[in-house]
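Enquirer: If you want the building blocks of each chain, they are given just below.
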Amino acid sequence: MGERLVVIGGGGAGTAASTIAKRTNPDLHVSVFTEFPDIAYSPCGIPYVHGREIPRFEDLFLSTVERYVEDGLDMRMETVVTDIDLDRRTLTARNTHEGFDKLILCTGFVWEQPAVPGADLEGLHYVKDIRRAMEFDKELDTVKRAVVIGGMWLGVEMAGALGRRGIDVQFIDEGPWLLSELVDPDVAQPAQEALEKLGVTVQMGTRLDGFEGADGRVRAVATSRGELDCDVAIVCLHKLPNSALAEAIGLRLGTTGGVVVDDHMRTSAPGVWAAGDMIEVPHGLTMLPIRGLTGSHAYAQGRVAGANAAGEDRSYDPVWIPWGFMSGDYTIGGFSIGETLAEAMGIPYFVARGVGVSRARYFPGAAKTHVKLVVEPGTLRLMGAQLHGGEGIKERCDFLAFAAKRGATLEDLAWMENIYSPPIGALFEPIQIAAQNGLAEQRTREAVTV
Amino acid sequence: MTFAERKHELRERSELYLRLAAMEDIRRRYPDAGTRPAAYPPAPAFWRTVFVPLYRRLPWHVKQRAMRTLRMTSEGWPEGARQFGTPWRPPPGGA
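Sequences listed follow chains A and B, in order. Counting from 4, one number per residue, gives the positions in the first sequence under my numbering. Counting from 13, one number per residue, gives the positions in the second sequence under my numbering.
Just so you know, these hints were derived from the structure itself, not from any lab. Note that the structure is predicted; figures quoted are calculated from it, not measured. Even for Gly, the Cβ is constructed at its ideal location relative to N, Cα and C. It is possible that part of the hints are untrue.
Partial list, computed: chain A residues near chain B (C-beta under 10 Å) [as the list claims (entries may be wrong)]:
id, residue
1, 204
2, 206
3, 267
4, 290
5, 351
Covered, in the sense of this in silico footprint (three residues per stretch, anywhere, with C-beta under 8 Å from a C-beta of chain A), are these stretches of chain B [stated by the list, open to error]:
id, stretch
6, 15-21
7, 56-67
Take the sequences, apply the hints, and build the full model.
Expert: Next comes the structure, spelled out in C-alpha cells:
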C-alpha cells in the first residue's frame, strides 16, 4: 500500500482537502474521519430552509458518502479521533490504533457558549449540524416567540428567517448597532430596517443576563432591558476555533487561538497541515492573523492543504475577505476593513462615498447601490469597502477585494471601465462614482491645505 | 500562563477595548443612524485611561513595528499585494 493521508473533519475544508489530495495523487490512500453522519452539505443554507426560501434540507446536500467512496476515499463516518501520536504516526479512534503518514486537520469551529445562568436549559439552539437543524425545524412549527442572541451575521440571517416564517422574533445584542464588530452604523441602519420590515424587533445595546426556565426548558431570556418571553432562544455568539486536538498534539497556536499555518497550510509539525475555521491566516492589509472566515475560504484552504499533502507546491495568499449577506430582503457587503475597524486599529484613512443604481435608472427593478470606500491617504490605495443595496452587491465586493489585493488605487477605480447595458448595468458604475467623489474631495482638501 | 497564551490575551483585550472606544467615536459621527449605547461591561481603568489613549497617539508605522517586534503578525507568509506590472503566475498544477 502507498502512503496514507488522514484528514480529520468532514466540513468544507476537510472534503476539499481529501478530494483534491486523491485527485492529485491517486496512489495516495486517503481516509476521512468525521464525527458526524453527514458530509458535503451547506450549513450556510440552513437559515434559508428555516425561512422556507429553500424547500427542503435535502437540497443543501452537494454529494453523498457513497459518492466519495466511489471516488476512492476511505470514509469513516461518526468516528471521533480521540488521540494522535505524531512521533509514532498513529491515531486512536473507536479504541483502535491506526497508522498514517500525513495528516490534515480540519476540525472547524465551536460556538462560544454564553457564560450566564441557564445556559444549559433545553430550547437553546446553535446553528451548525444539519440533523439538529432538521429536528429544530419541526419544533419551529409550534414556536410562537423566539429570541435571537448575538450580532454575528448568522444571527441576522436566523432572525430574518424566523420573521419570514411568522414567528415573533426579538433580536438582542450588546453592540451599539447591528453587526457592530464588522459593519459601520450607516451601513447597518438599512440592514436593521430590513429586518424590522419582517417583524423582527431589534434591541441593540442589550446585554444577555441569563435564561429563565420552567421544567428544564427555556421560557424567557433575561436582559439588561428586561425579560423577554420565548419558546426558543437561538444563540449566535462568536465562532471559536476547534483546536483542542491540535493543541493536545503540540501544534503551535497563534494570537487568535487558531492553529498557526504558513502559506502552504503547513502547521508547526512536519507532515501535518491544517485548514478551515480552526486556523488563522494573515489579513492582506495588516498581516495580522485572523480567523473565522467564510465557507469559501475554508474550501480554498482545504484545496491548498490537500494538494500540498499530495505532493504539489501550492500557496495561499493573505486574505482580503470579501463578505456579504442578506438582512431580510436587503443586501450588505464589503471587504477588509470599514471605518470602525480602521478607527479602532488607528490606521490612517479617508472615506469616499457614492450612490449609483444597479441597472439603467429607467429600467424596472433598478435599485440604489451605496458604496463606501476606505482609502489610504497619500497613496490613495484601496484598503476596504462597505456597500449596501439590492442586486450586484456581492459581485462588487468580490471585485473590490481582488482590486485591493492587486494594489488598486482610487484613481484606478475612478477611471475603471464598466458594462452599460440597461437591464444589468447603469452608465455610471456606483464604484466609479464613489471613487470620483473621493478624488474630488481629496483635491478640495489639498487646495485648502495649500 | 505561557507566552503564547499571554499574547492571545493581549490581543483579545486590546482589540476589544480599542473597538469599544472606536464605536463610541463612530456613534458620535453618525448621530442619525439609530445607534444605542453599547451594553458591554466598562473597560478596566488601565485599558481605558492608559492603553487606548497611548495607542491612539502612536503613528501607524510605529504600531506596525511594535506588532512585528512582539511577533503579533503572521510569519511564513509573503507580504503585501502583488505590484502592477508583475505578470500573473498560475499556481503549480493548475487551478
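Enquirer: Evaluate each hint against the coordinates.
Expert: Against the structure, the hints:
1. 204: violated (13 Å)
2. 206: Hint on residue 206(A): holds, closest Cβ of chain B at ~8 Å, below 10 Å.
3. 267: holds (8 Å)
4. 290: holds (4 Å)
5. 351: holds (6 Å)
6. 15-21: Coverage by chain A holds for the stretch 15-21 of chain B (3 residues, Cβ < 8 Å).
7. 56-67: Violated, because only 1 residues of the stretch 56-67 of chain B bring their Cβ atoms closer than 8 Å to Cβ atoms of chain A.
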